[in-house]
Amino acid sequence: MNEFESKPNGSSEDLAHKVLDRIEEERVVPRPKWQFTVKDRLFWVFWILSIVLGSLLTAAIVFACVNAGWEFRDVTHHNLFGFLLQVLPMLWIVALLGALLLAYEIFRHTSRGYRFPFSVIVGLLLLITVVGGVVFYVSGAGRVVEEEIGARIPTYRPVMMRQKEMWSKPEQGLLAGEVLEFDRAQSLLRLRGFDGSLYLMNTEELADDSNRVLVERESVRVVGVFAKPSDGPEKPYFRPCYVFPWDVRVKTKNLLAVKCDPERIIEEPRSTECKGLIPYEILKTLRRGSCR
Amino acid sequence: MTNHDVSRADEDIVGDALVQKEAFALLVHRYQERLTRYLRRLGVFKREDMEDILQNVFLKTYRNLNEFDRKLKFSSWIYRITHNEAMSFFRSTSSRPEGHPVDDAELVLEQLSGSADTSMEAELGLNASQLTEAMKKLEAKYRDVIVLRYFEEREYAEISDILRIPTGTVATLLSRAKKRLRETLSHLA
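For the record, the sequence lines run as chains A and B.
Counting in my numbering, the first sequence runs from 1 upward without gaps.
Counting in my numbering, the second sequence runs from 1001 upward without gaps.
Hints in this document: simulated from the structure, not taken from any laboratory.
Watch out, some of these pointers could steer you wrong.
Unchecked claim - Calculated cross-link-like contacts (lysine-lysine; reagent style DSS-like; alpha-carbon spacing at most 25 Å):
1) B:Lys1073 x A:Lys39
2) B:Lys1137 x B:Lys1073
3) B:Lys1136 x B:Lys1178
4) B:Lys1179 x B:Lys1137
5) B:Lys1073 x B:Lys1141
6) B:Lys1060 x B:Lys1021
7) B:Lys1073 x B:Lys1021
8) B:Lys1141 x B:Lys1179
9) B:Lys1137 x B:Lys1046
10) B:Lys1073 x B:Lys1136
11) B:Lys1060 x B:Lys1046
12) B:Lys1046 x B:Lys1178
13) B:Lys1073 x A:Lys33
14) A:Lys18 x B:Lys1046
15) B:Lys1060 x B:Lys1073
16) B:Lys1060 x A:Lys33
17) B:Lys1071 x B:Lys1060
18) B:Lys1179 x B:Lys1046
19) A:Lys39 x B:Lys1071
20) B:Lys1021 x A:Lys33
21) B:Lys1060 x A:Lys18
22) B:Lys1179 x A:Lys33
23) B:Lys1178 x B:Lys1137
24) B:Lys1046 x B:Lys1073
25) B:Lys1021 x A:Lys18
26) A:Lys39 x B:Lys1060
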């Protein structure tokens, strides 16, 4: 038996005396209850804050994903992986994981939080965060986080900025920008790309729906052909084949919902130049699909 | 200590100690021996260390009496404080000696054997010193639950409150600990 324990009853008295003496000497007093109550409440306040932060980040992720340009994925990227790599808001995703981890740790350190299994706590956090995220997204907070806060973070590029970069590749047939002038009679389009470049285009071979987009919209996406004549004095030019509104989600839906005029479902390209357009077949399928 | 004192619940004495510190001595009397044994099982052997830790445990308990949640058992709460204080001690000394539960090993061996499908003791011809040897080889997280369950005879819910882990995790750790203990014991036999 241990020496300390083996002492007669006197040792228990000794320890009690020693403890009471130290209480006396060090003037130890029980900490007031309100301090523990405040500490407990603070844990819950920080837990709620981390949940709100997680919900805001979820809303921003939803906003970024919804506005990622899925409609044109086959046009802008060769495969899904490349597309996801470019459009997924990794900063928000990493921050969300951090917020969830924080919320988990805070919950575990509440007075009874340790009693809940990991799966229950994580499931609860995910449920609350997703519901909160949807609420914030619907209320517009997701856009504020993604576009306004995201724009202030030096290393982060909001989804619309990334889309503008995706659509500033005329050599790959993708161009987007602001319509400066469109003269339908003269088939002339002046467009300022989102990268600041100016383009003058001949639109005589555009279909009616594309012409309508140019009339109605201030900002557009143009799928076309970038041609560099091999010799002669001609400068490189961009031949537009299809025009879509910049605001993808709503406007494209409207555009695709055009009446199924058989004349529009043309099997052949309207020009020999557009025939060489890589996403041409995809775009043609996209239009035909909308008329089924 | 009067008969009245002996029959009183710990939770009631906590209430008294908040009003009159002398009442706290009763809790010291009640828990000193149990906590001394527990500390030794956790690996604190030196008398001076043990006394320091125990004094700190009781001072912390007194200082935080208002934090005591009456929905918990007082014993679980003071065991938790003791466990945390012992872990702080091991961290500060940068070492955790192996447990040394020889005095109860025979009894614990019986309990462990009873919980197995067959009687390990009879089958493997084990003895207390072999159990002690096997306990030394267990990881700390497994040794902690074995000590609490079989040496301190705590319920799962109490172990959950002491170690601040879910009850399901207690069951998992115990199951793994017993499995490893059996494996080690079968090698030793």
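We went through each hint and held it up to the structure:
1. B:Lys1073 x A:Lys39: holds (21 Å)
2. B:Lys1137 x B:Lys1073: violated (31 Å)
3. B:Lys1136 x B:Lys1178: holds (13 Å)
4. B:Lys1179 x B:Lys1137: Given pair B:Lys1179, B:Lys1137 holds - Cα atoms ~13 Å apart, limit 25 Å.
5. B:Lys1073 x B:Lys1141: Judged against 25 Å, a Cα distance of about 22 Å means the pair holds.
6. B:Lys1060 x B:Lys1021: Judged against 25 Å, a Cα distance of about 13 Å means the pair holds.
7. B:Lys1073 x B:Lys1021: Holds, at about 21 Å.
8. B:Lys1141 x B:Lys1179: holds (14 Å)
9. B:Lys1137 x B:Lys1046: holds (21 Å)
10. B:Lys1073 x B:Lys1136: violated (30 Å)
11. B:Lys1060 x B:Lys1046: Holds, at about 21 Å.
12. B:Lys1046 x B:Lys1178: violated (29 Å)
13. B:Lys1073 x A:Lys33: holds (19 Å)
14. A:Lys18 x B:Lys1046: holds (18 Å)
15. B:Lys1060 x B:Lys1073: holds (17 Å)
16. B:Lys1060 x A:Lys33: Holds, at roughly 15 Å.
17. B:Lys1071 x B:Lys1060: holds (20 Å)
18. B:Lys1179 x B:Lys1046: violated (31 Å)
19. A:Lys39 x B:Lys1071: Answer holds: A:Lys39 to B:Lys1071 is near 18 Å, not above 25 Å.
20. B:Lys1021 x A:Lys33: Holds, at about 16 Å.
21. B:Lys1060 x A:Lys18: holds (14 Å)
22. B:Lys1179 x A:Lys33: Roughly 44 Å separates the two Cα atoms, so the pair is violated.
23. B:Lys1178 x B:Lys1137: holds (12 Å)
24. B:Lys1046 x B:Lys1073: The hint is violated at about 29 Å.
25. B:Lys1021 x A:Lys18: The hint holds at about 13 Å.
26. A:Lys39 x B:Lys1060: Holds, at roughly 17 Å.
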